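*Asks:* One-letter residues, chain by chain:
Number of protein chains: 2
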Amino acid sequence: MLMQKAGWDAAVISGTDPHGSEYLPERWQQRKWISGFTGSYGTVVITRDHAGLWTDTRYFIQSRKELEGTEFELHPLRVPKAVDYPEWLATNLTTGAIVGIDGECVTYRDAERLRKALKGLDATLDSRASFLNAIWNDRPGLPLNPVFILEEKYSGKAAREKLEHLRQQIKEEGCSHIVLNSLDQIAWLFNLRGHDIPFNPVAVSYALIDEKNATFFITPGKVSENVIQILREQGISVMPYDSFPVVLQSLPPQTRIMADGNTLNYSTFQALIANCTVQDVQSPVILDKAIKNSVETNGFRKAYLNDGIALERFFFWLVRSLEKDIVLTETDAAKKLSWMRTLAEGAMGDSFQYISAYGPNASLPHYAPNPKTALSLLKKGLYLIDSGGHYLYGTTDITRTVPLGPLTQAERQDYTLALKGMIALSRAVFLKGTKGTHLDMLVRDPLWRHRINYGHGTGHGTGHFLCVHEGPQDIRMTWRDQDLLPGMITSNEPGIYREGSHGVRHENVLLCNLLEENEFGIWLGFETLTLCHIDTSPLLISLMEPSEVEWLNAYNRSVYTKLAPFLTYDESVWLEKKTAPVVM
Amino acid sequence: MLMQKAGWDAAVISGTDPHGSEYLPERWQQRKWISGFTGSYGTVVITRDHAGLWTDTRYFIQSRKELEGTEFELHPLRVPKAVDYPEWLATNLTTGAIVGIDGECVTYRDAERLRKALKGLDATLDSRASFLNAIWNDRPGLPLNPVFILEEKYSGKAAREKLEHLRQQIKEEGCSHIVLNSLDQIAWLFNLRGHDIPFNPVAVSYALIDEKNATFFITPGKVSENVIQILREQGISVMPYDSFPVVLQSLPPQTRIMADGNTLNYSTFQALIANCTVQDVQSPVILDKAIKNSVETNGFRKAYLNDGIALERFFFWLVRSLEKDIVLTETDAAKKLSWMRTLAEGAMGDSFQYISAYGPNASLPHYAPNPKTALSLLKKGLYLIDSGGHYLYGTTDITRTVPLGPLTQAERQDYTLALKGMIALSRAVFLKGTKGTHLDMLVRDPLWRHRINYGHGTGHGTGHFLCVHEGPQDIRMTWRDQDLLPGMITSNEPGIYREGSHGVRHENVLLCNLLEENEFGIWLGFETLTLCHIDTSPLLISLMEPSEVEWLNAYNRSVYTKLAPFLTYDESVWLEKKTAPVVM
Chain F
-5 MLMQKAGWDA AVISGTDPHG SEYLPERWQQ RKWISGFTGS YGTVVITRDH
45 AGLWTDTRYF IQSRKELEGT EFELHPLRVP KAVDYPEWLA TNLTTGAIVG
95 IDGECVTYRD AERLRKALKG LDATLDSRAS FLNAIWNDRP GLPLNPVFIL
145 EEKYSGKAAR EKLEHLRQQI KEEGCSHIVL NSLDQIAWLF NLRGHDIPFN
195 PVAVSYALID EKNATFFITP GKVSENVIQI LREQGISVMP YDSFPVVLQS
245 LPPQTRIMAD GNTLNYSTFQ ALIANCTVQD VQSPVILDKA IKNSVETNGF
295 RKAYLNDGIA LERFFFWLVR SLEKDIVLTE TDAAKKLSWM RTLAEGAMGD
345 SFQYISAYGP NASLPHYAPN PKTALSLLKK GLYLIDSGGH YLYGTTDITR
395 TVPLGPLTQA ERQDYTLALK GMIALSRAVF LKGTKGTHLD MLVRDPLWRH
445 RINYGHGTGH GTGHFLCVHE GPQDIRMTWR DQDLLPGMIT SNEPGIYREG
495 SHGVRHENVL LCNLLEENEF GIWLGFETLT LCHIDTSPLL ISLMEPSEVE
545 WLNAYNRSVY TKLAPFLTYD ESVWLEKKTA PVVM
Chain W
-5 MLMQKAGWDA AVISGTDPHG SEYLPERWQQ RKWISGFTGS YGTVVITRDH
45 AGLWTDTRYF IQSRKELEGT EFELHPLRVP KAVDYPEWLA TNLTTGAIVG
95 IDGECVTYRD AERLRKALKG LDATLDSRAS FLNAIWNDRP GLPLNPVFIL
145 EEKYSGKAAR EKLEHLRQQI KEEGCSHIVL NSLDQIAWLF NLRGHDIPFN
195 PVAVSYALID EKNATFFITP GKVSENVIQI LREQGISVMP YDSFPVVLQS
245 LPPQTRIMAD GNTLNYSTFQ ALIANCTVQD VQSPVILDKA IKNSVETNGF
295 RKAYLNDGIA LERFFFWLVR SLEKDIVLTE TDAAKKLSWM RTLAEGAMGD
345 SFQYISAYGP NASLPHYAPN PKTALSLLKK GLYLIDSGGH YLYGTTDITR
395 TVPLGPLTQA ERQDYTLALK GMIALSRAVF LKGTKGTHLD MLVRDPLWRH
445 RINYGHGTGH GTGHFLCVHE GPQDIRMTWR DQDLLPGMIT SNEPGIYREG
495 SHGVRHENVL LCNLLEENEF GIWLGFETLT LCHIDTSPLL ISLMEPSEVE
545 WLNAYNRSVY TKLAPFLTYD ESVWLEKKTA PVVM
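Chains F and W, in that order, are what the protein sequence lines are. In terms of our numbering, the first sequence has 277 at position 283, counting the first letter as 1, and numbering is strictly consecutive. In terms of our numbering, the second sequence has 264 at position 270, counting the first letter as 1, and numbering is strictly consecutive.
Same shape as in the complex, but just chain F (with noise of 0.2 Å):
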């Protein structure tokens, strides 16, 4: 009915909001609003006769079963001759076609790739703002939490030096300006948190830098006046986030301007270029974050002994409640562990959705539980958590699969290989110069040997005390061309998942540090952050090589040292039963 009243052909809504987060003010979940489907990547898309989704292999199995009973239909991606949805609507829309997209909640990058396939249909994009209001009555406002600063003690860097090394950046591109509206972005850049997403700790706001004023665009109400006092001492003014449009507007034509057309939206980047030149490049803000300052990683090891302390003891609780029989759901652990991690020293609670999954649901590598239809826990078979914390000094990621009881042969051995590969990858010694792409493949051999693979990614970045999802730096297949470098924190996480049976996933956290320079070159390697002992019970020793097993021992044995003084005495005995060495 809206698509009729505003004569469209094809409605798009994407899975974002103006600022390109991945995790979403319920303001901007109008994918889940419309589609049910809650996963954090896809799109949906209506013509006058079909509904659907399109998303990836991490979210197949949740999204046919999210999508059973309605009109909604999945398009797989990442998967041989997948067609995304610019190539589907272009063999599926009539010439003039119009298609409507909302201009704030897409990217210039992705507007511009649907802009590009429709061109041979000579089909128009009607961009409006917000147009699901129309229909959606009870849509959230604007989310109104107050911002606050971390202090230097956590960050390691005034905001005011950080804005001097932007402006040499912005300088050497040639431009005066910046624009950011990438949330972990600004609050990195200015020393700043909130609480307005849940799991990520930014605020809504833009930022625009010139070569004097820094200033940062948000809500009224939302800054307290100590707040805006030490942000005015760092250099920085506050105005309202509606007047950003206005001062977009009244910029000196011919200024010229940075802006990342991969994170911008549609809306706002359109309106730079009627005004300004606009060199499109990724943010220098995204490497800068990425690449740890010794404060930060200091404060992530700090963070990384403090999770471990609390999942230990989660996994001691686990294992007495169900000796004794007591019942538990994927939800009560998941929760129980949520808790564990408010003990801690600047605890700020989950870092990301937790994946808490018995036995079948595992094979769903981003399965989240419904309190109402969660899995009591069985002693027997593999229990799959993927759960992590912020701390004012770190932000945390950790996957365990343990076994509640007897397996089969079958778990064992995807256990085992899965934790081959991760293992491949915390040893790995690499030159400078190399790319998450090369170093994916170590990871994956051990499980491609037995003919097995899994459909994801092996390690993303994560923030410190931010997005425990972010750039530039990953691993995976897809070729990318970022440098891993001193001081990038990255996941590695392999996983087996057999549909309807069981998953195994095995996660730690690398730092990435300069090894030493010799003849060949400059040789980087990783520390592994994450404090938690990896259960050996289950693994088929005969599928490992030695020096496997040797790096297995000498990890549980650290895992046990630092944390057993933090246990109490019975958690510390059982902890050393459960790191004692594998012998071959």
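Hints should not be assumed to be uniformly reliable.
Since copy identity is lost for identical chains, a pair holds within one copy or between any two.
[Claimed, not checked] Dumping the calculated SDA-like pairs for lysine to any residue here, alpha-carbon to alpha-carbon at most 25 Å:
#	residue 1	residue 2
1	K571	P532
2	K426	R470
3	K75	G519
4	K59	G515
5	K113	D274
Quick caveat, the hints were computed from the structure, so don't treat them as lab data. Since the model is a prediction, treat every value here as computed from it, not as a measurement.
Starting from the known structure of chain F, fit chain W onto it as the hints suggest.
*Replies:* Using the frame of chain F, we list chain W on its own:
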């Protein structure tokens, strides 16, 4: 003087011929003639006050030796902060500069790259064919060797069939014609071979194919009446080499023609652009040629069997000769192996300039012994021989590094680590869609863990009784978006080079095969074609994993089983000892 007369500020002398060949007929060995550098890759640039040679890591040591005492300066490529000659010229010439190039002896792609780099200078490219003729008085003429037909029992497919498939591909590209200048593409397509280029059984020629006709441009007198008759039966007509430019000029205006700017020379490409609509795409013949048919792969198996017999006889002879204190130089040894190869049915000579390198000479990855300065082999240290043969049914390429007596610990370590790399690739299993770049990492990992690297690629494609190096696939760090596909034949040759001390390289050649399809995708793997024992005496077993030793023992066992029936009693007794399993 030549440059002054032409009014040039710089002259670029590329390392190729009008056909983009790797090995060149004497006529086109301009780079060697002017600089003395004999490597297979490099560009000479001469300005009014500088003479430079640009080449890559493979040739650093060699080129420094060969350029010693000349005014040529080495500009290293494929190292951090390398500046290639177009960029070097851009910063070392002044506005309005004129740069002379031989338009016949530079590819269109390279000329365009140079033109782009010099754009800021408003420089002019002055392209003149064979400008060195003015000063190169004894320049050799065009080669005049006869061509011959490769029978279908060897090629596995009639030229007529290959042409039909090519015409489909031309049509799919929206074109009516394709022009070919790569000699191996023409030879493969027409099932022809020649003797014009050392080590490459090809004939200097061009080809033009349209919907109905296929024309082979070659110097008259090189094609017998008999060959002309056979070609005619396949729908191929013959015209003089010199008439090629005239025929191109007489194409109907607006002919849509496919041409590959990566291999086609600048002069020809420019002539096409002036007249036709050129589709600048990779020639489809490259991929067709790389995917061997079953007749070709069986031919390769036979070639490697005969090659293995020659190699084992050679190594047996070498050992016995050294025992008898016979003095042998690097050249003597290599010549003996070449001779051993000629004893096989259908042997057609060496497939490339052998590398026969003793001790420190082996640290030059592309060392070729000079008969006058060749070292004598002593009863200690490592000896590396990289050689190959052509047979009517296939082309071989193999490197073995063997101990001639006591070894240092460093030699043993490097021998072992390079072998671990080779084994990793040999037994890789991978999903369809995997590129060479992905697999490269598996080979480097065992070396990198010891902070050792090699400055060349890991693998190259190999032609079927054609060029020993061919595309489109390769195995190296640099990203190339080309899947490894069943039927491709690729080398596997990691090495370790210690300047002034020793060098190690182990090279086997691998056939890519389909393994199976399962829920995760289509799985591929390698069959090792090379049959020649790998000496186990230098191994540091403590550096090896059990599964690596298992692979090695199985490989050596299969070498013995397959070759022993063709050896003398003494040879087979010796080989049995050399292939005895290693016990961990």
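*Asks:* Please go over all the hints and tell whether each is borne out by the structure.
*Replies:* Each hint tested on the structure:
1. K571 / P532: The answer is within: 14 Å in one copy meets 25 Å, while 42 Å across copies does not.
2. K426 / R470: both (18 Å within a copy, 16 Å between copies)
3. K75 / G519: Between copies, since 22 Å is at most 25 Å while 36 Å is not.
4. K59 / G515: Between copies only: 23 Å across chains, 50 Å inside a chain, cut-off 25 Å.
5. K113 / D274: both (22 Å within a copy, 23 Å between copies)
Hint compliance for this structure: every hint is met.
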